[in-house]
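Asks: With the hints as your guide, set chain B onto chain R.
So you can see what is in the structure, the chains are spelled out below.
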Amino acid sequence: MKCKSILEKLSAYIEDQLSSEEKNQVQEHIKSCDKCALSLGELKKTIEYTKGLEELEPPPWLTQKVMARVREGPVQKGILRKLFYPLHIKVPVEVIATLAIAVTAFYVFKAVQPEMKQAHAPSEQAAVSEPERDKLSAVKDKSLAYKKDRARAPEPAGIRGFEKKADIAPGKAETEKPPAAFSEKMAVPHEPYRALDMRVKKESRVLAPEKKYVLIEDIKEHVVLTLYADDTEKGLRKTKEIISELGGKVIKTESLKNKNTLFTEIYSKKVAELIEKLRLVGEVKAVDALNSLKGNAMIRIEIVEKSIQLP
Amino acid sequence: MKEKEQLNIDADDEAVLCCQKGDIEAFEQIVNKYQKRMFNISYRMLGDYDEASEAVQDAFVSAYRGIKGFKGKSRFSTWLYAIVVNVSKNRLKQIKARLSREQFSLDDPVDTGDGQIKREPVSSGLSALERLEKRELGLKVQGCINSLEGEFREVIVLRDMQGFSYEEISAMLKIAEGTVKSRLYRARESVRNCLKRVIGDL
Numbered sequence: 013m014k015c016k017s018i019l020e021k022l023s024a025y026i027e028d029q030l031s032s033e034e035k036n037q038v039q040e041h042i043k044s045c046d047k048c049a050l051s052l053g054e055l056k057k058t059i060e061y062t063k064g065l066e067e068l069e070p071p072p073w074l075t076q077k078v079m080a081r082v083r084e085g086p087v088q089k090g091i092l093r094k095l096f097y098p099l100h101i102k103v104p105v106e107v108i109a110t111l112a113i114a115v116t117a118f119y120v121f122k123a124v125q126p127e128m129k130q131a132h133a134p135s136e137q138a139a140v141s142e143p144e145r146d147k148l149s150a151v152k153d154k155s156l157a158y159k160k161d162r163a164r165a166p167e168p169a170g171i172r173g174f175e176k177k178a179d180i181a182p183g184k185a186e187t188e189k190p191p192a193a194f195s196e197k198m199a200v201p202h203e204p205y206r207a208l209d210m211r212v213k214k215e216s217r218v219l220a221p222e223k224k225y226v227l228i229e230d231i232k233e234h235v236v237l238t239l240y241a242d243d244t245e246k247g248l249r250k251t252k253e254i255i256s257e258l259g260g261k262v263i264k265t266e267s268l269k270n271k272n273t274l275f276t277e278i279y280s281k282k283v284a285e286l287i288e289k290l291r292l293v294g295e296v297k298a299v300d301a302l303n304s305l306k307g308n309a310m311i312r313i314e315i316v317e318k319s320i321q322l323p
Numbered sequence: 203m204k205e206k207e208q209l210n211i212d213a214d215d216e217a218v219l220c221c222q223k224g225d226i227e228a229f230e231q232i233v234n235k236y237q238k239r240m241f242n243i244s245y246r247m248l249g250d251y252d253e254a255s256e257a258v259q260d261a262f263v264s265a266y267r268g269i270k271g272f273k274g275k276s277r278f279s280t281w282l283y284a285i286v287v288n289v290s291k292n293r294l295k296q297i298k299a300r301l302s303r304e305q306f307s308l309d310d311p312v313d314t315g316d317g318q319i320k321r322e323p324v325s326s327g328l329s330a331l332e333r334l335e336k337r338e339l340g341l342k343v344q345g346c347i348n349s350l351e352g353e354f355r356e357v358i359v360l361r362d363m364q365g366f367s368y369e370e371i372s373a374m375l376k377i378a379e380g381t382v383k384s385r386l387y388r389a390r391e392s393v394r395n396c397l398k399r400v401i402g403d404l
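Those protein sequence lines, which keep their order, are chains R and B.
Counted the way the numbering used here counts, the first sequence spans residues 13 to 323.
Counted the way the numbering used here counts, the second sequence spans residues 203 to 404.
So here's chain R without its partners, still in its complex pose (with noise of 0.2 angstroms):
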């Protein structure tokens, strides 16, 4: 017990730090305790060995280095350090930033919008114009209205399927407006079309329905003949030749009962002749704007029996 408080004294008593009275409790223990007075010598010795480490010279540049970041200034730091590290300057960069975002997103938005109304829009009608149609095809001589995209047609040259009853008027029949059949535009506003007084049968349920409206700037490009023909069969076969004549691409054909429809595309200089030509088979009922036409023109046909047109 008394040799741990004479230890703690020792380091003092060698640097002569102890009051007399200290000091000579220290001596009188020290004479009678070997412990302490090895311990003495130790810590002697190694204050000794600690003071006499040698002084190391710094590197001869240090004054030079120095110097020179002294010389530099304290706006030495980085530039991405800058703009990172204080936060008094960290939330500038950041709210513009984040406004920067907001207005590109804006902007980009703003610019995909009409597209994106009318990508949407159609799925929706589709599935309102389904059952719709479904009910109003079964009620006879009724207008029929739906709205239809022609992003949704499975092919470019959609299909489409047209049933004329024979109790169907025929003459109004031909208030029919040709439809934009061969648009490369995907995204065409839709408009509501009325078949009036005709049932419009769809012949299959993955081919979505031709869009029956058609804008001027379509019209320009795509034409639809209708052929009045005594039979409908013969009628398309004569077709496909005088097409074929003509130099002209039968892309695809479609039969139905009363009714064939052909999509071609031919040399817009050949639509005339293509007309001539088909004159000689039956009636023809040309849709304006044929002297407009360039290039490959995409043509419908629909031959149509006689009958149906005359009343």
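Among the hints, a few may not be true.
Claimed, not checked - Across the chosen pairs, the derived CB separations fall in these ranges:
#1 K376/B x G53/R: 28 to 36 angstroms
#2 D225/B x Q29/R: 35 to 43 angstroms
#3 S31/R x G352/B: 25 to 33 angstroms
#4 S276/B x Q29/R: 37 to 45 angstroms
#5 G53/R x G274/B: 37 to 45 angstroms
#6 I113/R x K376/B: 47 to 55 angstroms
#7 E69/R x G352/B: 19 to 27 angstroms
What the hints assert, rightly or not - Keeping only pairs whose Cα atoms sit at most 25 angstroms apart, straight-line, the calculated DSS-like set for lysine-lysine is:
#8 K383/B x K21/R
#9 K63/R x K235/B
#10 K47/R x K35/R
#11 K318/R x K252/R
#12 K398/B x K56/R
Unchecked claim - Which chain R residues stay away from chain B? Per the calculated CB distances, all over 12 angstroms, these:
#13 L65
#14 K252
#15 G259
#16 E277
Derived by calculation from the structure, the hints in this document are not laboratory data.
We put the beta carbon where it would ideally sit given N, CA and C, even for glycine.
Replies: What follows is chain B alone, placed relative to chain R:
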């Protein structure tokens, strides 16, 4: 050393005033004058030559930037040494954190930058063997100091190696003199026990 410093107090004041007015050349004088002592304080605290070189640079640079805040409450040298002690202590923490995975052992060979010691002009009158022994001993002592925590290192460096008074150390470290004494006692005891293990009989 101490006497020389006291003689230079006035010169320091003048240089410090110039520095406070933005005279960089005056600061160069200060660096030249104090770099050796600053470096040795740092070196003994860190036990690594390169680390000490970096720490001393940092200390001088921050001293220059903070020199306007020196109001002359203590001696300029004390103020300057306090900076290097602080910088070295912080650097020590960083080094320890870096090496925390590698457990430090007293049995490990101690890197004390002994390559640098060779440069030292050795006091004449010692035989080659004595010189070698002295160097060996120095490495062992430094190794034992390296095993101390920072707060014990600084007192033993400042007191036993640099010979600052208790009062000066108290001012530098901003701790009471009694704390300096008790830390010094514990630091010396640790080094004594360490040396006994490393050297054998003292």
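Asks: Hint compliance check: list the failing hint numbers for this structure, sorted ascending.
Replies: Structure breaks hints 4, 13.
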